[in-house]
Amino acid sequence: MNHARSSLCGKLNLCFLVALVGTCHSLEQAAASEDAPLAASTTLRVLCYNIHYGQGNDGVYDLERLAKVIKDSQADIVALQEVDVVVRRSGLVHQARELAKLTGLAVRFGPTQHYDGGLYGNAVLTRFPVQDVHIQPLPYSESTAARTTYPRGAIRTELTISNGIPITFISTHFQHNVPEDRIAEAKAVNQLFAADSPSQPVILAGDMNATPDSEPIAILLEKWNHAMDAAQSPSAPSSKPRSRIDYVFYRGAGIRMTHSEVIEDDMASDHRPVLAVFEISSPQ
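For the sequence shown, the numbering used here begins at 1 and goes up steadily by one.
Misleading hints may appear alongside valid ones.
Once the Cα atoms are required to be at most 27 Å apart in a straight line, the calculated DSSO-like pairs of lysine-lysine come out as [said to hold, decoys possible]:
(1) Lys-101 <-> Lys-68
(2) Lys-71 <-> Lys-240
(3) Lys-187 <-> Lys-223
Label pairs and their calculated CB-CB ranges [to be verified]:
(4) Arg-147 <-> Asp-266: 27 to 33 Å
(5) Glu-279 <-> Lys-71: 30 to 36 Å
(6) Arg-45 <-> Ser-143: 33 to 39 Å
(7) Thr-144 <-> Glu-222: 39 to 45 Å
(8) Pro-179 <-> Glu-64: 34 to 40 Å
(9) Asn-225 <-> Glu-158: 16 to 22 Å
(10) His-259 <-> Arg-88: 35 to 41 Å
(11) Met-267 <-> Gln-200: 23 to 29 Å
(12) Ala-145 <-> Ser-233: 26 to 32 Å
(13) Glu-64 <-> Ser-282: 34 to 40 Å
(14) Ala-145 <-> Gly-104: 18 to 24 Å
(15) His-114 <-> Ala-40: 45 to 51 Å
(16) Arg-45 <-> Ala-146: 37 to 43 Å
(17) Ser-243 <-> Gln-131: 33 to 39 Å
I should point out that these hints are in silico values taken from the structure, not numbers from a laboratory.
Even for Gly, the Cβ is constructed at its ideal location relative to N, Cα and C.
Required output: the full structure, derived from the provided sequences and hints.
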């Protein structure tokens with residue numbers, strides 16, 4: 001991998017890095033729900049959705065349409081990719097805050113780069129209290145005359161779900177046009193988020209830009225379980241899906257997948273959202 005980079009520091013200045021941290025802690029718009037009484041187990045609905053910076057297949061920027069897809073899924077936690085914040089191309093809208101407002105969920109935004117006057121990156125929507133947030137750069141190659149690459153990263157959140165159990169939830173987005181970058185990013189995710197045996201559930205969701213039989217997915221499966229339907233239903237492009245590149249993975253104690261599907265929406269984004277349903281058990 002030419003000029004692979006393990007952090008954003010060489011690309012972005014210190015002021016921006018400080019802004020990243022400040023931003024992710026200040027973007028909660030919707031109030032998280034109060035903890036429910038402790039239960040032996042609870043159902044958790046997780047959605048992974050690349051929202052194509054709000055633009056649908058008809059070329060229209062429509063966050064209300066995206067919010068309806070999210071609400072109809074009844075997701076408790078949502079991993080978003082390709083989120084614009086005050087970017088000119090999408091009308092200077094703070095998409096993270098607006099989607100939080102439209103869905104009634106709390107939000108944390110994890111920028112990966114400056115873009116067109118604003119910020120661009122990943123986000124997490126959740127109905128649960130957020131205890132902590134960490135923005136993690138991932139390796140990527142420099143752009144060349146032949147190809148344009150983008151900084152990549154992940155946003156990790158620590159949540160307390162309705163039965164009082166702490167969980168870790170991560171949203172990420174791998175490089176689209178450099179296979180070596182995706183391999184490096186998968187290895188980095190394993191090292192950063194799956195280096196030990198967690199005592200609590202950990203969920204990873206993202207647009208990996210890699211098919212189920214690819215090396216990056218094989219690397220992830222060394223440490224993670226796959227929350228995917230048996231048919232490996234394709235998720236992109238949404239108009240006529242051909243490839244599965246959007247995923248939910250999980251690991252840790254007290255978590256069991258009970259259902260997974262690709263939601264059939266062909267207009268709101270160029271990706272279809274992926275839903276996974278889990279049973280989360282209280283520790284014995």
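Evaluated hints:
no. : hint                            : result
1   : Lys-101 <-> Lys-68              : holds (12 Å)
2   : Lys-71 <-> Lys-240              : holds (23 Å)
3   : Lys-187 <-> Lys-223             : holds (10 Å)
4   : Arg-147 <-> Asp-266: 27 to 33 Å : holds (29 Å)
5   : Glu-279 <-> Lys-71: 30 to 36 Å  : violated (23 Å)
6   : Arg-45 <-> Ser-143: 33 to 39 Å  : holds (38 Å)
7   : Thr-144 <-> Glu-222: 39 to 45 Å : violated (30 Å)
8   : Pro-179 <-> Glu-64: 34 to 40 Å  : holds (36 Å)
9   : Asn-225 <-> Glu-158: 16 to 22 Å : holds (20 Å)
10  : His-259 <-> Arg-88: 35 to 41 Å  : holds (40 Å)
11  : Met-267 <-> Gln-200: 23 to 29 Å : violated (37 Å)
12  : Ala-145 <-> Ser-233: 26 to 32 Å : violated (37 Å)
13  : Glu-64 <-> Ser-282: 34 to 40 Å  : holds (37 Å)
14  : Ala-145 <-> Gly-104: 18 to 24 Å : violated (46 Å)
15  : His-114 <-> Ala-40: 45 to 51 Å  : holds (47 Å)
16  : Arg-45 <-> Ala-146: 37 to 43 Å  : holds (42 Å)
17  : Ser-243 <-> Gln-131: 33 to 39 Å : holds (35 Å)
Violated hints for the displayed structure, listed by number in ascending order: 5, 7, 11, 12, 14.
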